[in-house]
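Q: Residue numbers (the working numbering), protein chains in the order written: chain H, 55 to 349; chain S, 55 to 349; chain U, 55 to 349; chain Z, 55 to 349.
Because the hints were derived from the structure by calculation, they are not lab data.
Here the structure is a predicted model, which means the values were calculated and not measured.
Possibly wrong hints are sitting among the right ones.
The list cannot tell twin chains apart, which means a pair is met if one copy fits it or any two copies do.
As the list claims (entries may be wrong) - Think about it this way: if two alpha-carbon atoms lie no more than 20 Å apart in a straight line, the pair counts; the simulated DMTMM-like pairs of lysine to aspartate or glutamate are: (1) K171 / E260; (2) K206 / D312; (3) K206 / D191; (4) K298 / D103; (5) K230 / D275; (6) K122 / D226.
Protein chains: 4
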Amino acid sequence: MSQKSLSDLNACGKDDFVAALANIFEYSPWIAERAAAGRPFAGVTALFDAMKAAVDDAAPELRIALIKAHPDLANKTHRAAGLTEESNAEQNSVGLDRLSDAEYEAFERVNNSYRAKFGFPYIVCVRRHTRDSILRDFEHRLPNDAATETQKSIEEICRIAALRVDHLVASDDRLKVQGRLSTHVLDTHSGRPAAGIAVELVELSELGVSRLVTRTVTNSDGRTDQPLIGGRPVPIGRYELTFKLGSYFADRGVPTSDPPFLDQIPLRFSVSNPEGHLHVPLLVTPWSYATYRGS
Amino acid sequence: MSQKSLSDLNACGKDDFVAALANIFEYSPWIAERAAAGRPFAGVTALFDAMKAAVDDAAPELRIALIKAHPDLANKTHRAAGLTEESNAEQNSVGLDRLSDAEYEAFERVNNSYRAKFGFPYIVCVRRHTRDSILRDFEHRLPNDAATETQKSIEEICRIAALRVDHLVASDDRLKVQGRLSTHVLDTHSGRPAAGIAVELVELSELGVSRLVTRTVTNSDGRTDQPLIGGRPVPIGRYELTFKLGSYFADRGVPTSDPPFLDQIPLRFSVSNPEGHLHVPLLVTPWSYATYRGS
Amino acid sequence: MSQKSLSDLNACGKDDFVAALANIFEYSPWIAERAAAGRPFAGVTALFDAMKAAVDDAAPELRIALIKAHPDLANKTHRAAGLTEESNAEQNSVGLDRLSDAEYEAFERVNNSYRAKFGFPYIVCVRRHTRDSILRDFEHRLPNDAATETQKSIEEICRIAALRVDHLVASDDRLKVQGRLSTHVLDTHSGRPAAGIAVELVELSELGVSRLVTRTVTNSDGRTDQPLIGGRPVPIGRYELTFKLGSYFADRGVPTSDPPFLDQIPLRFSVSNPEGHLHVPLLVTPWSYATYRGS
Amino acid sequence: MSQKSLSDLNACGKDDFVAALANIFEYSPWIAERAAAGRPFAGVTALFDAMKAAVDDAAPELRIALIKAHPDLANKTHRAAGLTEESNAEQNSVGLDRLSDAEYEAFERVNNSYRAKFGFPYIVCVRRHTRDSILRDFEHRLPNDAATETQKSIEEICRIAALRVDHLVASDDRLKVQGRLSTHVLDTHSGRPAAGIAVELVELSELGVSRLVTRTVTNSDGRTDQPLIGGRPVPIGRYELTFKLGSYFADRGVPTSDPPFLDQIPLRFSVSNPEGHLHVPLLVTPWSYATYRGS
Numbered sequence: 055m056s057q058k059s060l061s062d063l064n065a066c067g068k069d070d071f072v073a074a075l076a077n078i079f080e081y082s083p084w085i086a087e088r089a090a091a092g093r094p095f096a097g098v099t100a101l102f103d104a105m106k107a108a109v110d111d112a113a114p115e116l117r118i119a120l121i122k123a124h125p126d127l128a129n130k131t132h133r134a135a136g137l138t139e140e141s142n143a144e145q146n147s148v149g150l151d152r153l154s155d156a157e158y159e160a161f162e163r164v165n166n167s168y169r170a171k172f173g174f175p176y177i178v179c180v181r182r183h184t185r186d187s188i189l190r191d192f193e194h195r196l197p198n199d200a201a202t203e204t205q206k207s208i209e210e211i212c213r214i215a216a217l218r219v220d221h222l223v224a225s226d227d228r229l230k231v232q233g234r235l236s237t238h239v240l241d242t243h244s245g246r247p248a249a250g251i252a253v254e255l256v257e258l259s260e261l262g263v264s265r266l267v268t269r270t271v272t273n274s275d276g277r278t279d280q281p282l283i284g285g286r287p288v289p290i291g292r293y294e295l296t297f298k299l300g301s302y303f304a305d306r307g308v309p310t311s312d313p314p315f316l317d318q319i320p321l322r323f324s325v326s327n328p329e330g331h332l333h334v335p336l337l338v339t340p341w342s343y344a345t346y347r348g349s
Numbered sequence: 055m056s057q058k059s060l061s062d063l064n065a066c067g068k069d070d071f072v073a074a075l076a077n078i079f080e081y082s083p084w085i086a087e088r089a090a091a092g093r094p095f096a097g098v099t100a101l102f103d104a105m106k107a108a109v110d111d112a113a114p115e116l117r118i119a120l121i122k123a124h125p126d127l128a129n130k131t132h133r134a135a136g137l138t139e140e141s142n143a144e145q146n147s148v149g150l151d152r153l154s155d156a157e158y159e160a161f162e163r164v165n166n167s168y169r170a171k172f173g174f175p176y177i178v179c180v181r182r183h184t185r186d187s188i189l190r191d192f193e194h195r196l197p198n199d200a201a202t203e204t205q206k207s208i209e210e211i212c213r214i215a216a217l218r219v220d221h222l223v224a225s226d227d228r229l230k231v232q233g234r235l236s237t238h239v240l241d242t243h244s245g246r247p248a249a250g251i252a253v254e255l256v257e258l259s260e261l262g263v264s265r266l267v268t269r270t271v272t273n274s275d276g277r278t279d280q281p282l283i284g285g286r287p288v289p290i291g292r293y294e295l296t297f298k299l300g301s302y303f304a305d306r307g308v309p310t311s312d313p314p315f316l317d318q319i320p321l322r323f324s325v326s327n328p329e330g331h332l333h334v335p336l337l338v339t340p341w342s343y344a345t346y347r348g349s
Numbered sequence: 055m056s057q058k059s060l061s062d063l064n065a066c067g068k069d070d071f072v073a074a075l076a077n078i079f080e081y082s083p084w085i086a087e088r089a090a091a092g093r094p095f096a097g098v099t100a101l102f103d104a105m106k107a108a109v110d111d112a113a114p115e116l117r118i119a120l121i122k123a124h125p126d127l128a129n130k131t132h133r134a135a136g137l138t139e140e141s142n143a144e145q146n147s148v149g150l151d152r153l154s155d156a157e158y159e160a161f162e163r164v165n166n167s168y169r170a171k172f173g174f175p176y177i178v179c180v181r182r183h184t185r186d187s188i189l190r191d192f193e194h195r196l197p198n199d200a201a202t203e204t205q206k207s208i209e210e211i212c213r214i215a216a217l218r219v220d221h222l223v224a225s226d227d228r229l230k231v232q233g234r235l236s237t238h239v240l241d242t243h244s245g246r247p248a249a250g251i252a253v254e255l256v257e258l259s260e261l262g263v264s265r266l267v268t269r270t271v272t273n274s275d276g277r278t279d280q281p282l283i284g285g286r287p288v289p290i291g292r293y294e295l296t297f298k299l300g301s302y303f304a305d306r307g308v309p310t311s312d313p314p315f316l317d318q319i320p321l322r323f324s325v326s327n328p329e330g331h332l333h334v335p336l337l338v339t340p341w342s343y344a345t346y347r348g349s
Numbered sequence: 055m056s057q058k059s060l061s062d063l064n065a066c067g068k069d070d071f072v073a074a075l076a077n078i079f080e081y082s083p084w085i086a087e088r089a090a091a092g093r094p095f096a097g098v099t100a101l102f103d104a105m106k107a108a109v110d111d112a113a114p115e116l117r118i119a120l121i122k123a124h125p126d127l128a129n130k131t132h133r134a135a136g137l138t139e140e141s142n143a144e145q146n147s148v149g150l151d152r153l154s155d156a157e158y159e160a161f162e163r164v165n166n167s168y169r170a171k172f173g174f175p176y177i178v179c180v181r182r183h184t185r186d187s188i189l190r191d192f193e194h195r196l197p198n199d200a201a202t203e204t205q206k207s208i209e210e211i212c213r214i215a216a217l218r219v220d221h222l223v224a225s226d227d228r229l230k231v232q233g234r235l236s237t238h239v240l241d242t243h244s245g246r247p248a249a250g251i252a253v254e255l256v257e258l259s260e261l262g263v264s265r266l267v268t269r270t271v272t273n274s275d276g277r278t279d280q281p282l283i284g285g286r287p288v289p290i291g292r293y294e295l296t297f298k299l300g301s302y303f304a305d306r307g308v309p310t311s312d313p314p315f316l317d318q319i320p321l322r323f324s325v326s327n328p329e330g331h332l333h334v335p336l337l338v339t340p341w342s343y344a345t346y347r348g349s
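Could you put together the complete structure from these sequences and hints?
A: Here it is, written out as structure tokens:
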């Protein structure tokens, strides 16, 4: 999908409007149709609220049909049969196309148990999650009753839709769907930002292999030129952020032990709020370090 | 070898003295013979100094013979042919009997390159090292000239001997051959020592598998009942010390995020001084932590 | 009073026993008399418990008489008329003989308001307090009813007595009446204890002048040879502990700014548990520092 | 002086230009006259550089005359006789009109010793200093020879002029004459910025009284709405920044001791670079805190 401007969506014919937004909600163009009546929208927030209201006001059968229109997670048959372009990109973004055998089996179990209990697929907004947290979330949700899970499914579907709207529609306002993960290395031995430190962010996985998220180097301000994760939700999950001090102190003529007391410093932490700003700084000398959840 | 008291060694006949100390220096009873003249010794330090003086005063050929009396490291033929009981225990202590293929090959290369250049085996006091640091030490030593390496070999042989003497001879004084690695967990959220934290110390390895050194739990003082490593040299090398906070804070009614920001906290550091006391404490809240090389 | 051994007190005649312990409870030898029946005591704890039991079991009039046998705090008339030697030393220890005018007036008000309400003097174990905390304690206690204050007065009297017993009677066991305040300076710039740092402990006062408690220098272990406060209760109150870095880092060739970012580092904290061990360490580089309540 | 735009100064007649800039260099309109030839200036930086070049290129006698045109610091006779409006404001900004007796005497000594040695007044750009650092700077400079001090005086005069230009002339570019002092309070007990903490910044003085610089409260981001010092040089000197935790933790239901271990937290530090950005954050729990020179 190429991006559309909100003003074009406000100005175009109803059919074009519906066509443009048909897959915001998976295979459910009726939502765009109902929202069309609210045009013109003052911003993308108003547009999304109108679509969400259409879902909230829909009859129970229609809401169940919307839920059932979604594919199973990481399901090879579904993938072969054809997901929407959007579903495909979303599932790939979290690595559901590259699962380990153990993960693949775990996802199969999840899909089957959930569908067996509720009669509809297990739906989660995968862009807000890691593979581990999808499986963990499932453990929390399976014991729920059908009413709760119907509601939860709709909420997840709206989260998916919000990200699709944010991606598709250009507007002066933005939906609050993006988070940020940043770092900062302060050399408290010299009282200055630490430049030139290689930094590596890895998503940890219990059943599969850990996955490199990004690799970068601190700039003269001790920060990274781009946030470690930005412009998208920060997936819920466990991470390891490693700072490779290597010869940083030795290069500055600082006496260290041989081998140096500190070389690679791993910080292991979890993300719980995908839309928040999580700042994880490092204060470091050759003999000590500290970190904290900053903001 | 069963332990002997220094007073017995001072009182017994010369033959018994030499027999008791014959293998302090590998297959070289002449050292004990020469030291015997110095009896009675005021302490184990004086005894060891006398043996060391015998080595230092020996003719060059004898010193080379002493060096050549040592086995190659991790050499299967030597092992089959029979190491001294002491060599065997020492090599096993550092895991030289359980090498990965890559490590085994690396040790072969080390032995062969070194022997090819110097005509005698590569000797290092393995109880003061990890597998990685033995290989790293080799890289530093191979470029040396023969005189330097003869001297270095004698120094390592004396370190081996000192540990054997410390193990064998009971005396009021002790040789300074033991180090200590300790930790302490302070919960700065409640201002109290953190009790009940599972702690795991792993020796990191580049070519082989990382090896669990010890697993323990903090006591009511936030310390461990026994040092993580004590009563022996702390092997030079890289380590990861992991603190498993798990439900520590949740159990105390502290609000945390879901999943908790901190769960398992790894501290990665190197040991450079086997005979020193290295203290690696953790100051921790649910949202921050700090460590430093203490004493 | 010169110190007595518990064995002598167990062995001597009853009159000597009572004479020796007559002033453990202010002007109230009847308590020692009643406790005498319990001889021989296995330890000083048993002796003190017997005296405390005598107080607890005494008739209400006798308990009130015990309370009334105590002098007003910092009262010049009482001082002129003669306190027991013990009361005098105790009041001087907390500086009640060197009050500022504002403090003197505050103590007068305290004594008078309290006596007016309850008909007996305001009693507090002054060795466990600073001047500020005595006044603060009074604010908490004045609103109480008579029964509560009778009980509180007895408790304070027993604390006074415990300190007098601890001072007077030598025994293998000790009463738990002593606390400790200690510090430790760790130079995390060099990864070593910081030796030679001048340290000054001052008791802060709101109405009077702040009072120097001790001035010392860190030793090679970064600690002080003696605890900052030890062998006695650590008085409840507010303190400022100042570390004079001065030229510490410059002397070690460490580049600093001019003037240096850190020179004198004050830590301001309160003591709340006089019998506990409070450890207040400093982790410091030329550009950062940290402290925490340790143990 | 009311502010002028650079474009007006570029466009006006030469006499008006000189009149407007006559006192940028104390009583020395010749500097503006010489700089006038360089019009039009692309920015205020170019304007200032032209004036500075006029000073650098001036004959030695003229440079000495410029130096001698400056008043003594804190000199009552000079003040009565009339300083330029600019000098007056500058001297008052650093409190030279409100000196303690000891400070007044110290400044007299400084002026007299310096003038006796060099034959011209002791000049320093007071807006970049505290009273203490002016006196400290003098101790460093008095031993210098005349050539060095002539040069130093010219440098200080140029710093004074730069601040006057920055104040007087509006332009798209700015001279780099301003620094910033900021803080940030992070509550690492809850993992959130600490809002509502009263903060007080005091300039410390050895001879006079310490002087309150600002008093403010942290906002919801744990920062202060305005920098502690901003829009001007941060005067070289010693400061104490006090954070009044008071009931911050108790109000949030956090168990603390009675009295709380931490109440008022003073950070004492020095400023050495008036044009830099000095960030002094506080990481705090009820039982620990840390600070560092940030950026």
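Q: State for each hint whether it applies.
A: Do the hints match the structure? See the list:
no. : hint        : in the structure
1   : K171 / E260 : neither (26 Å within a copy, 48 Å between copies)
2   : K206 / D312 : between (55 Å within a copy, 17 Å between copies)
3   : K206 / D191 : within (11 Å within a copy, 55 Å between copies)
4   : K298 / D103 : neither (45 Å within a copy, 44 Å between copies)
5   : K230 / D275 : between (28 Å within a copy, 19 Å between copies)
6   : K122 / D226 : neither (34 Å within a copy, 60 Å between copies)
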